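*Asks:* Chains A and B, in that order, give the protein sequences. Position 9 (the first sequence) corresponds to 9 in this note's numbering; numbering is contiguous. Position 1 (the second sequence) corresponds to 1 in this note's numbering; numbering is contiguous.
Just to be clear, a hint being listed does not mean it is correct.
Claimed, not checked - Below are the DSS-like pairs computed for lysine-lysine, each with C-alpha atoms no more than 25 Å apart in a straight line: (1) B:24 <-> B:41; (2) B:41 <-> A:189; (3) A:188 <-> B:41.
It should be emphasised that the hints constitute simulated quantities derived from the structure, not laboratory data. Keep in mind the model is a prediction, meaning the values are calculated, not measured.
Protein chains: 2
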Amino acid sequence: MGKIIAEITMSLDGFTAGPDVTNKDPMGINGESLHDWMFAKATATDKAMLAELIGNTGAVVLGHRTYSVGMDPWGGVSPFKAAAFVLCHKVPAKPVSGFEYVTGGIDEALMKARKAADQKNIWVMGGANVIQQYLKAGLIEEFRLHIAPMLLMRGTRLFDNVGSDPAQRVKESVTETPGAVHMLFRIKK
Amino acid sequence: MGKIIAEITMSLDGFTAGPDVTNKDPMGINGESLHDWMFAKATATDKAMLAELIGNTGAVVLGHRTYSVGMDPWGGVSPFKAAAFVLCHKVPAKPVSGFEYVTGGIDEALMKARKAADQKNIWVMGGANVIQQYLKAGLIEEFRLHIAPMLLMRGTRLFDNVGSDPAQRVKESVTETPGAVHMLFRIKK
Chain A
1 MGKIIAEITM SLDGFTAGPD VTNKDPMGIN GESLHDWMFA KATATDKAML
51 AELIGNTGAV VLGHRTYSVG MDPWGGVSPF KAAAFVLCHK VPAKPVSGFE
101 YVTGGIDEAL MKARKAADQK NIWVMGGANV IQQYLKAGLI EEFRLHIAPM
151 LLMRGTRLFD NVGSDPAQRV KESVTETPGA VHMLFRIKK
Chain B
1 MGKIIAEITM SLDGFTAGPD VTNKDPMGIN GESLHDWMFA KATATDKAML
51 AELIGNTGAV VLGHRTYSVG MDPWGGVSPF KAAAFVLCHK VPAKPVSGFE
101 YVTGGIDEAL MKARKAADQK NIWVMGGANV IQQYLKAGLI EEFRLHIAPM
151 LLMRGTRLFD NVGSDPAQRV KESVTETPGA VHMLFRIKK
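Whenever a hint applies, use it, and build me the whole structure from the sequences.
*Replies:* Below, the structure is given as structure tokens:
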């Protein structure tokens with residue numbers, strides 16, 4: 001059975017997006033630079049890491065805000081090869097192929113993702129709020145945290161709302177590239 | 001001339017101390033584990049890094065709270081070989097040998113530290129508030145940030161109160177040890 005992986009990029013000061021996230025500015029003010037390791041500053045190491053993640057992903061879970069603000073940059077289609085499950089309160093009027101809309105919360109999304117993923121991994125890709133819910137529920141098995149060497153000062157905090165420290169982490173690897181410090185944690189049950 | 005170095009340990013979620021800092025619990029609740037890389041989990045690499053920092057330090061600058069809560073764990077004497085300058089509003093009634101008390105703010109402390117340090121480095125060792133003041137003033141030349149792989153959830157945030165991102169950082173090195181990810185940034189003027 002595949003692993004349940006949370007994977008997200010955070011600034012040095014703990015933000016996964018800048019302030020004022022809009023459809024036109026989906027990463028918030030200055031937030032786009034968080035992802036330089038995937039784009040402007042991507043090295044062979046960064047690309048291989050991303051390719052490995054995507055290649056072993058059998059299902060993606062994401063929140064409705066990430067989905068909504070992602071639609072424009074993604075050109076109106078799913079950027080995922082795997083089935084993607086969107087946590088939402090209401091199924092959108094115009095569904096997009098490649099996405100499945102889940103109104104029953106994180107457990108239902110996980111159940112559906114598990115079925116779709118078969119033996120592959122489930123990638124909980126964000127936003128922060130969705131990762132927080134899965135962390136809090138003790139469902140994340142591996143945490144891939146990319147720390148971008150920048151400050152955002154304001155925005156969406158990754159580790160808000162998780163109550164007390166939800167898990168013991170075992171730091172399995174740290175890889176440095178110009179755009180990020182990539183940390184991989186195994187989370188103990 | 002030596003460099004002005006900020007050096008501090010932060011949790012993954014951005015805290016340099018846990019909540020409820022007291023003289024009995026100078027790192028706040030759970031905060032002591034931040035420094036495992038120096039003590040419980042110290043490797044030869046961690047020790048060498050610390051020895052290099054201390055060996056090249058000609059003057060230390062610290063805040064009054066760090067000084068006050070440190071006094072007990074330090075056994076009532078200065079733990080620094082170099083002259084240490086304490087930023088405070090009022091000179092304490094019982095001065096401690098090895099410390100000099102500065103009531104004129106960060107510029108006066110830096111001026112005195114510079115004189116004491118001669119050709120060696122000035123180590124701005126915290127707390128967060130003092131590092132923030134020096135960062136905001138654009139006076140830090142090198143930032144040594146140790147990220148401990150733990151969450152604190154509450155406490156003293158390192159990057160609060162610095163306004164907008166105060167500086168361009170160049171990530172010069174990243175070293176991983178079991179207790180921390182050690183990041184060294186040069187700050188561009």
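*Asks:* Against each hint, give a clear statement of whether it holds in the structure.
*Replies:* Tested hints:
{"no.": "1", "hint": "B:24 <-> B:41", "result": "holds, 22 Å"}
{"no.": "2", "hint": "B:41 <-> A:189", "result": "holds, 22 Å"}
{"no.": "3", "hint": "A:188 <-> B:41", "result": "holds, 19 Å"}
Comparing the model with each numbered hint stated earlier shows that all of them hold.
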